[in-house]
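Residue numbers (the numbering used here), protein chains in the order written: chain W, 25 to 149; chain G, 1275 to 1570.
Treat the hints as calculated values from the structure; they're not laboratory data.
Everything numeric in this text was worked out from a predicted model, so none of it was measured.
By construction, the Cβ of each residue, glycine as well, lies at the ideal position given by its N, Cα and C atoms.
Heads up, a few of these hints could be off.
[As the list claims (entries may be wrong)] Footprint (simulated), chain W over chain G, 3 or more residues, beta carbon under 8 angstroms:
id, stretch
1, 1364 to 1371
2, 1410 to 1424
[Unchecked claim] Computed cross-link-like contacts, DSS-like style, restricted to lysine-lysine with a CA-CA straight-line distance of at most 25 angstroms:
id, chain 1, residue 1, chain 2, residue 2
3, W, LYS71, G, LYS1379
4, W, LYS71, G, LYS1342
5, W, LYS81, G, LYS1425
[Said to hold, decoys possible] Here's a subset of chain G near chain W, in silico, CB distances under 10 angstroms, partners left out:
id, residue
6, LEU1432
7, TRP1466
8, LYS1481
9, LEU1483
Listed here are the chains, written in short residue letters.
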Amino acid sequence: MPGRLDWLRKEHVVSALHLQYDAETDRLRASLQSSAAGETVRVQQDKVVLCIDRTRKQVVSFEVMDFRHFVSYHLLDELFGDEVVREIAAFQSAAVATSRRSQMIQAPAPPRSSRRVVEELLRAA
Amino acid sequence: MLSVRMIEEGANQKQHWWPWKVSGRRAAVRHGAHAAQRLRSEEACKRHIKDVLPTAGNHRENIFMARKRDPDDEVDHFVTAVGASLDVWERTQTALAASDLELRKVASLDAFVRSAVEWEGFRSRWHIAAINRDSSAYRVDVESRLRASIKGGRFGELEAFVHLALPAQLSLTTVQRLLDPSGRNISFGDKWTDRARAELPAQYATKVLSLSLADLLLVTACEKIRNAIVHRSPGSVDEMNTALVVLDPTVDADLVRTNKVTGAGIAAYLHARPLSDRRIEVWHHRLRDVAGRLRT
């Protein structure tokens, strides 16, 4: 079952997502460490500004403005999945309450919705 | 005679905004002597207005200009409504004790819809009352948005010549009309803090902006669950699941979902008892507490 094994391997691909909070500007900056960016496009959706690798159709970094009051996690959930948004929300609580400035989290392979959402974002850009 | 009739129309309109103040007797039954006392003083106020208002002109507008709404009254009303909803839920659960579990779950779902709808109405009325209390920030916001819309349109060069004259104090009807001409509740979506910052005076904006992150995430999740119950679309259920997974586990450990909640499984999620209380009870308590933090 080579196809099934490929799928399993792909599901477990993990990359590191570096989160950094700037309290002065109240912005979260997040970048995927494994991404070697080619031509990138900046797309803004409300308070989230995404930097997308057009060729690989992957988000390589993003910023969240007004992070202290940020509640619109759905786009990030579609792009990165439950585990990642849960970690970002935990980081948000810590950043707001204890002024933690940076953290590295593990990002599993993006969910299936990710590619569709990226394509929609690129079309709208 | 004309004057009296129009004032009564105004009073009826007020009943729409303050549905709990239906009559002295009913208010006393529902909310005790305190509400009845407040109602009596309101009746006295209405009689006074009737005496002093001129008989010509827009009476209804004058009536609303004569009194400012206190946002704290809206908090009181919401807290009472949450208590009433929880009471109905408890009595329903007792009545259904010997019945099918599914029926008790449906009762929990109904109780959630009741409290979520009440929350939306409360948040909208509280926002309107805060603007009515002090319209200065809202007037600035309306003017800047108007100017931006002219600047970006066909007649952009005329923007410098535009002068907007709004009354110093905006009546409740005017605020409602400006916020939503159809008279619907304000739909805040995920922009509650943005709108509070832009439209409310500092005293009230601070109340919203200083809510904890856990509270803001909870309020967002409440709206998403309500949407998922009402619409049952895959998109609304996905959004609900996102909102439930990012709840603060240190504050809302009972409410954070552990597994995906399906559209058909919302009742089970609400009726579940992760610790000592059922989730539906916790939702009521948490919404009541968030509203309480908006008191000035």
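Next item on the list: Kindly indicate which numbered hints from before are broken by the structure, ordering the numbers from low to high.
Entry: 1, 2, 3, 4, 5, 6, 8
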